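Q: Work out the full structure: start from the sequences and follow the hints.
There are 2 protein chains.
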Amino acid sequence: MSVMEKKEVQKVAGGSILSPEGFKAGGIHIGLRYEKKDFGVIYSETPAQSAAVYTKSHFQAAPLKVTQESMAAGGILQAVVCNSAIANACTGEQGLKDALKTRELVAARFRLPEEYVAVASTGVIGECLPMEKMEHGCSEIAVHSDYNSAKSFQKAILTTDTVEKASCVEVVIDGNTVTIGGAAKGSGMIHPNMGTMLGFITTDANISSPVLQSALKKAVNTSFNQITVDGETSTNDMVIVMANGRAENKPLNENHPDWVHFQEGLTLLCEDLAKQIARDGEGATKLIEVGVKGANSTEDANIIAKKIVGSNLVKTAIYGADPNWGRIVGAMGHSDVTLEPETCDIYIGAELVFSNGTPQAFNEQSVSEYMNNEEHVVINVLLQDGVGEGKAWGCDLTYDYVKINASYRT
Amino acid sequence: MSVMEKKEVQKVAGGSILSPEGFKAGGIHIGLRYEKKDFGVIYSETPAQSAAVYTKSHFQAAPLKVTQESMAAGGILQAVVCNSAIANACTGEQGLKDALKTRELVAARFRLPEEYVAVASTGVIGECLPMEKMEHGCSEIAVHSDYNSAKSFQKAILTTDTVEKASCVEVVIDGNTVTIGGAAKGSGMIHPNMGTMLGFITTDANISSPVLQSALKKAVNTSFNQITVDGETSTNDMVIVMANGRAENKPLNENHPDWVHFQEGLTLLCEDLAKQIARDGEGATKLIEVGVKGANSTEDANIIAKKIVGSNLVKTAIYGADPNWGRIVGAMGHSDVTLEPETCDIYIGAELVFSNGTPQAFNEQSVSEYMNNEEHVVINVLLQDGVGEGKAWGCDLTYDYVKINASYRT
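Line by line, the protein sequences give chains A and B. Read in order, the letters of the first sequence are residues -17 to 392 in the numbering used here. Read in order, the letters of the second sequence are residues -17 to 392 in the numbering used here.
Misleading hints may appear alongside valid ones.
Where chains are identical, the list cannot tell them apart; a pair therefore holds if satisfied intra-copy or between any two copies.
Within a straight-line C-alpha distance of at most 25 Å, the following computed SDA-like cross-link-like pairs (lysine to any residue) qualify [what the hints assert, rightly or not]:
no.: 1; residue 1: Lys257; residue 2: Ser337
no.: 2; residue 1: Lys199; residue 2: His243
no.: 3; residue 1: Lys(-11); residue 2: Pro29
no.: 4; residue 1: Lys(-11); residue 2: Asn158
no.: 5; residue 1: Lys38; residue 2: Ser279
no.: 6; residue 1: Lys38; residue 2: Thr280
no.: 7; residue 1: Lys275; residue 2: Gly331
no.: 8; residue 1: Lys79; residue 2: Pro323
no.: 9; residue 1: Lys385; residue 2: Glu357
no.: 10; residue 1: Lys(-7); residue 2: Gly56
no.: 11; residue 1: Lys275; residue 2: His238
no.: 12; residue 1: Lys83; residue 2: Gln342
no.: 13; residue 1: Lys47; residue 2: Ser317
no.: 14; residue 1: Lys47; residue 2: Met113
no.: 15; residue 1: Lys199; residue 2: Ser317
no.: 16; residue 1: Lys133; residue 2: Glu351
no.: 17; residue 1: Lys38; residue 2: Val154
no.: 18; residue 1: Lys83; residue 2: Pro323
no.: 19; residue 1: Lys47; residue 2: Glu322
no.: 20; residue 1: Lys385; residue 2: Gln(-8)
no.: 21; residue 1: Lys115; residue 2: Val369
no.: 22; residue 1: Lys18; residue 2: His358
no.: 23; residue 1: Lys385; residue 2: Glu346
no.: 24; residue 1: Lys133; residue 2: Lys275
no.: 25; residue 1: Lys47; residue 2: Asn362
no.: 26; residue 1: Lys(-7); residue 2: Val242
no.: 27; residue 1: Lys200; residue 2: Val319
no.: 28; residue 1: Lys38; residue 2: Glu322
no.: 29; residue 1: Lys18; residue 2: Val(-6)
no.: 30; residue 1: Lys200; residue 2: Gln42
Because the hints were derived from the structure by calculation, they are not lab data. Only a predicted model underlies this, so the values are computations on that prediction, with no experimental measurement involved.
A: See the structure below:
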């Protein structure tokens, strides 16, 4: 491999939803929040083959219903509108009317068919959108392709997030560069009544909606679906991807020789955004990563990893820098999969703390220091039940989590 | 009904495992804990038809394996030994040897066949029992039938519990009184490495082991299995019941005219112990009770109730006295059952806060005061999907929970 040769899949520092060709964005303040930006749009210059995944909550918010209706019309989008502060969830018939109206206004603003517009909301559950402010937003919003416009959108979708979340990946397809960019908000259902996790992805890849749907589903399964802040799922969770084909690659599908690069790149982007969300969990001081190998299946490995990273006892142990493998065993023990405890090894960082169902002598001091000093604590579990591998991400459980969530409205 | 007539099923204040005829108990300090009692025995004067349920953790501790072996021999027990401080879990071959040795020593002490002895442990995971201390305990332990001996046993089985847990129920069978007594420890997997929830039940009922097993399973399903402190399950969870037949009722089974009383009484006792455990969750200031009616099935109702009571966001809201129904909706929303959000009503205390999928106007101040003043906060959810009913119990999530669990060993 020549030193000049490009890696087939790589992250791009400083990239965003506007790194792929042909996208514009914007974010403004329309008065839903006190003074922060609260209304944003991503716009594709041409109709984009699109895909989306939605929360599995029984209480699906109105904007998700409207977006699903848009998608059902043909899988093509050209604009996504998102407001923060109010989730438009549990708002009954009025909520649905308001989401439909928002779609109509954005479609009019950009002269698009209504079904080319997706709608997303995040914020307080049970309140209706002030539609005069939304109408104002829909008429005032402008979109541009510069870096600051991406930042404006990134800011406009935040609620209790402490940082913006963006990512960009380049993949080599047909010898040329295809770019995938993303923005996200939320950290599980981390805030009282705050509609949750949103992901917006753009790409200049040439790919059809159904193929993109399957790639997105696969990518989300091992990324957004493998993070947990407190085990909650929101009424508003959604991840949307728009592909405008500007890279002019041969249509991507499983038979394309570079298909694996695209899938890998999309997954890498989703994983990067998901980790940023987990790290920004309420009150969190650390990102926790749990890797599981040797499970009966990929699904089992993912279930076990998520069970460990979601355990309150593991989360508090990591906050306390306590190399307490008993809590990891406890969490694994009651996962809904079969596993053989007798052949289980557990590592905290590089240290083997439990092997073949038996405690190991280890330097508790040095493991505790590792947990204390690292912002990214890694736990690895090795089983000998099969070849399933999986990962999950979360954060520690701290006093601040209780503080934020116990004192929100009182 | 005459004023003198006895209620068919009733709680008895101040009762214990020694309230039923023919049982003795004791608890002593053998040096596993610094100075508190840590070793106890319940003894039945005659062989007792018995039943037991065990943790579903994949990492089942050694004493549970030994108890299962005893039970498999014929379902008869005459003594149960329990130590606290060390769970004898994840201790491999040595742990199994130690649990078998403990059973052998207790059998010798009381001149019983080994298979008439059950073994239970609770405490730190991954440490072996100091067998010289256990041997000393097995030879020194004495059992008596007085109230203080019941108290000694109740104390000996505690780990981080702040209060003893005991209950007693009388039921009328064949016109006579049958008594059921119980002791318990733990509050879910509430403490780092602390083996968890143990229940010990005695009764003078005449009932065979297989019938008792089915009654116990049913009682545990709606009581011990419906409490959660932090969603964890321990390696050592176990509930054991011994029935010595001293009440000389006609053998109980589903065809006995008073069968429902016995089942009801056993369930009431288990529920009472389970609620005591939930209320004593680490750092807890309140007992939370969630009732669900109108679900598709009993099982669905139980799943929904437990999902709500186990939600970190609901738990922190109740700690903060925040009438935040959005969190209840969020928790219900991602339960693994089907439900119709559009017909869902939610009550906090007596106040309807959400109805037919729509927020209700309610006095936030008075609901917040209810949450703040009551030690027992009740949430009721009414669905219109079917006739399934269920309840679950838990506790609030407080700063002290984080404190206790983050600073255990460091």
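Q: For each hint given before, does the structure comply? Return the numbers of the non-compliant ones in rising order.
A: Going through the list in order, the structure violates hints 1, 3, 10, 11, 16, 17, 20, 21, 22, 24, 25, 29 and respects the others.
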